[in-house]
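Sequences listed follow chains A and B, in order.
Residue 2 is where the first sequence starts when you use the numbering used here, and the numbers rise one by one after that.
Residue 2 is where the second sequence starts when you use the numbering used here, and the numbers rise one by one after that.
Just so you know, the hints here were simulated from the structure itself, not pulled from any lab data.
It should be emphasised that the depicted structure is a prediction, and the values quoted were computed from it without experimental measurement.
A virtual CB, placed ideally from N, CA and C, is assigned to each residue, including glycine.
Heads up, some of the hints might be wrong.
As the list claims (entries may be wrong) - With the C-beta cut set under 7 Å, the calculated list includes, among others, these residues of chain B facing chain A: (1) T152; (2) I156; (3) Y159; (4) D163; (5) S239; (6) A240; (7) T243.
As the list claims (entries may be wrong) - Cross-link-like lysine-lysine pairs, in silico, DSBU-like; alpha carbons within 30 Å at most: (8) A/K167 to B/K305; (9) B/K288 to A/K288; (10) A/K167 to B/K133; (11) A/K305 to B/K167; (12) B/K257 to B/K278; (13) B/K278 to A/K133; (14) A/K278 to B/K278; (15) A/K133 to B/K257; (16) B/K278 to A/K167; (17) A/K253 to A/K305; (18) B/K305 to A/K133; (19) A/K133 to A/K3.
Said to hold, decoys possible - Pair ranges (Cβ atoms, derived): (20) B/M26 to A/L189: 45 to 53 Å; (21) B/R24 to A/G303: 29 to 37 Å; (22) B/G32 to A/T143: 40 to 48 Å; (23) A/S117 to B/M26: 54 to 62 Å.
There are 2 protein chains.
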Amino acid sequence: MKVFITGGGGFLGYRLARRLLERGMLAGPDGKPTAISEIKLFDAAFAPGADPRLRCIKGDIAELDVVEVALDRDTASVFHLAAVVSAHAEAEFDTGYRVNLDGTRNLLEACRDLDSPPRFVFASSLAVFGGKLPPVIDDTITPTPQTSYGTQKVIGEYLVSDYSRKGMIDGRSLRLPTIVVRPGKPNLASTSFASGMFREPLNGVVCEVPVENSIEMWILSPDKVIDAFVHAHDLPASAWGTNRAVTLPGIKFSVKEGVEALRRIAGEEVAKRVVFKPVERINNMVKTFPAEFRADRGAAMGFKADAGIESIIRDYIAAEGIRL
Amino acid sequence: MKVFITGGGGFLGYRLARRLLERGMLAGPDGKPTAISEIKLFDAAFAPGADPRLRCIKGDIAELDVVEVALDRDTASVFHLAAVVSAHAEAEFDTGYRVNLDGTRNLLEACRDLDSPPRFVFASSLAVFGGKLPPVIDDTITPTPQTSYGTQKVIGEYLVSDYSRKGMIDGRSLRLPTIVVRPGKPNLASTSFASGMFREPLNGVVCEVPVENSIEMWILSPDKVIDAFVHAHDLPASAWGTNRAVTLPGIKFSVKEGVEALRRIAGEEVAKRVVFKPVERINNMVKTFPAEFRADRGAAMGFKADAGIESIIRDYIAAEGIRL
């Protein structure tokens with residue numbers, strides 16, 4: 002069976018692809034474990050040196066014909082991760098709608114031409130929540146995004162639900178916590194600092210954190226979110242019913258606690274490299290993202306969170322082979 | 002000040018235009034009562050004989066350039082009522098998305114070119130609710146539409162909120178109950194029968210009702226919904242805050258009770274012209290529309306419902322000059 006991953010040139014998309022290469026299997030259209038015959042990655046750009054077992058297609062998701070050509074008719078599984086990130090979508094309104102809304106719709110439309118309706122996993126975000134919210138967000142709270150990114154994500158969820166209801170896809174939307182620790186370079190996400198504040202100091206570099214240290218966030222590690230993509234895909238449609246979106250379990254973390262954990266693990270010298278320089282635009286945006294959830298439905302469906310911020314930092318250090 | 006009404010060739014849009022002609026005023030950009038200098042109606046088609054004081058522009062809302070040309074730059078107020086109705090959007094998936102989603106986005110985009118951000122009143126629908134719901138829907142319940150129409154309407158609400166947050170419009174979305182009694186001919190809405198079951202028998206014609214008589218609905222009269230459009234427009238932005246969508250107060254009504262009220266008012270001869278012939282496709286769709294709300298926020302904002310089904314029928318008889 003063929004797998005198609007948008008945003009496959011990005012950190013999470015590429016990591017998902019490598020996981021699928023390792024696994025070699027996914028639930029097939031009949032629900033039974035089925036061998037993956039090909040993994041195709043679609044993105045606007047790719048870093049050089051991709052695994053030769055992966056097919057990398059460069060293209061613009063906002064161009065319907067490009068997406069239609071890229072998506073083979075016998076594709077069984079689609080993972081839709083391509084997106085313009087939060088601060089970028091807020092700064093460039095048109096770019097955000099073009100990629101995050103038009104792009105999602107193009108991909109859904111292209112899925113209608115497939116031999117049979119694919120399983121379709123959509124990376125949504127807890128940024129669908131914002132504004133005046135209770136301190137703990139449970140599964141009954143209505144999304145009221147206060148960013149264009151969050152708006153585009155909640156619209157994507159509704160499209161995934163409607164196309165699923167119509168039998169055009171078998172869709173599953175995951176509201177991702179902020180992913181920490183991302184390796185590599187900072188990106189334009191307003192929450193990029195939440196990875197940088199660990200990654201840069203551990204690499205001997207100072208990290209300027211653009212928010213106050215009282216900011217709290219709901220986070221998940223890269224490994225656990227890849228687990229979640231695979232699990233969301235392999236669950237039977239009956240586990241989703243008519244509600245095709247779920248908030249993923251995660252852990253609450255304050256920036257201040259993060260620095261303390263880093264100090265305990267890597268020492269004062271490293272922790273000192275975290276410098277707070279709040280930027281109003283970023284601080285105000287991140288403040289609207291809720292920091293604590295009761296993700297009961299996600300937990301009941303078998304999605305799992307990390308043990309805590311310390312284990313996330315230690316896992317990152319081990320995975321990157323960092324010597325303290 | 003100039004006013005622009007999409008769906009202005011339709012029953013509600015045209016009725017709104019006539020009300021605005023009578024009133025002659027709306028809240029201006031500064032909130033003060035301001036004289037209306039021109040009312041422009043935009044629609045795919047118009048009945049002949051429109052009031053000569055109205056400018057009627059025929060065009061396709063799904064064509065961005067057509068909308069941009071039609072919308073004068075000095076427009077101060079936009080009422081967006083144009084839509085493909087529920088059963089039509091369910092039967093023709095592409096038409097529904099083209100008019101209800103692309104059309105709404107085109108209009109919002111065209112508003113960005115105006116001299117200043119217009120007040121923008123969007124006709125949403127209680128069809129945003131569906132599926133597994135509590136018996137009474139209050140303002141905390143999350144929309145989970147089970148129709149493409151409802152999906153397109155909730156997406157429209159999110160767009161109106163985001164464009165408002167960005168200061169591109171000053172938007173207000175109203176979730177309309179089913180409007181009863183509509184004069185004229187049946188339309189493709191799955192709820193068209195709820196008007197036909199009064200209108201046709203009062204005109205001496207048999208009405209076949211395509212749902213079971215146990216079906217309950219949340220309804221509002223044409224007069225009250227026009228009141229709501231004007232009130233929504235004239236409320237200050239501060240009355241809306243960051244939550245730009247509201248469910249309108251209405252009354253609960255069962256089809257069975259409607260027939261009984263018709264019998265009391267117009268007699269057995271008339272009531273006998275209501276014939277139940279359930280059509281599974283329609284019955285199943287209407288069943289997913291919730292029938293009872295606690296529209297506290299709408300009531301607190303000053304929106305008003307009718308007194309009951311009897312007063313709605315009597316008002317219709319009086320307005321149409323029907324002799325019993």
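Verification of the hints:
1. About 4 Å separates the beta-carbon of B/T152 from the nearest beta-carbon of chain A, less than 7 Å, and the hint is met.
2. The beta carbon of B/I156 comes within 5 Å of a beta carbon in chain A, closer than 7 Å, and the hint placing it at the interface holds.
3. Nearest Cβ of chain A to the Cβ of B/Y159: about 5 Å, under the 7 Å cut. The hint holds.
4. Taking 7 Å as the C-beta cut-off, the interface hint given for B/D163 holds, the closest approach to chain A being about 4 Å.
5. Annotation: interface hint on B/S239 violated; nearest CB of chain A at approximately 15 Å, more than 7 Å.
6. A distance limit of 7 Å between C-beta atoms decides the matter here; for B/A240 the minimum to chain A is near 15 Å, and the interface restraint is violated.
7. Interface restraint check: B/T243 against chain A, minimum CB-CB distance 5 Å, threshold 7 Å, status holds.
8. Proposed proximity of A/K167 and B/K305 is contradicted: the alpha carbons are some 36 Å apart, above 30 Å.
9. Between B/K288 and A/K288, the direct Cα distance comes to roughly 40 Å. Violation of the 30 Å bound is thereby established for this hinted pair.
10. Note on A/K167 and B/K133: the hinted pairing holds, with a Cα-Cα distance of about 18 Å set against a maximum of 30 Å.
11. For a cut-off of 30 Å, the pair hint linking A/K305 to B/K167 is broken: about 36 Å separates their Cα positions.
12. Pair hint B/K257 plus B/K278 holds up; C-alpha atoms about 14 Å apart against a cutoff of 30 Å.
13. For the given pair, B/K278 sits about 47 Å from A/K133 by alpha-carbon distance, which is inconsistent with the 30 Å threshold.
14. With a C-alpha separation of about 69 Å, the suggested pair A/K278 and B/K278 falls outside the 30 Å cut-off, and the hint is violated.
15. With a C-alpha separation of about 42 Å, the suggested pairing of A/K133 with B/K257 is violated against the 30 Å cut-off.
16. With a C-alpha separation of about 26 Å, the suggested pairing of B/K278 with A/K167 holds against the 30 Å cut-off.
17. Between A/K253 and A/K305 the alpha-carbon distance is near 14 Å, which keeps this suggested pair within the 30 Å criterion.
18. Of the pairs offered as hints, the one joining B/K305 and A/K133 holds, with about 26 Å between alpha carbons and a cut-off of 30 Å not exceeded.
19. A C-alpha spacing of about 43 Å is found between A/K133 and A/K3, which places the hinted pair above 30 Å, so the restraint is violated.
20. Separated by about 46 Å at the C-beta atoms, B/M26 and A/L189 satisfy the suggested range of 45 to 53 Å.
21. Separation of B/R24 from A/G303 is about 58 Å and departs from the stated range, judged on CB atoms against 29 to 37 Å.
22. Distance hint check for B/G32 and A/T143: the Cβ-Cβ separation is about 29 Å, which falls outside the suggested range of 40 to 48 Å.
23. A C-beta distance of roughly 58 Å is found between A/S117 and B/M26, which places it inside the suggested range of 54 to 62 Å.
In summary, the numbered hints that this structure violates are 5, 6, 8, 9, 11, 13, 14, 15, 19, 21 and 22.
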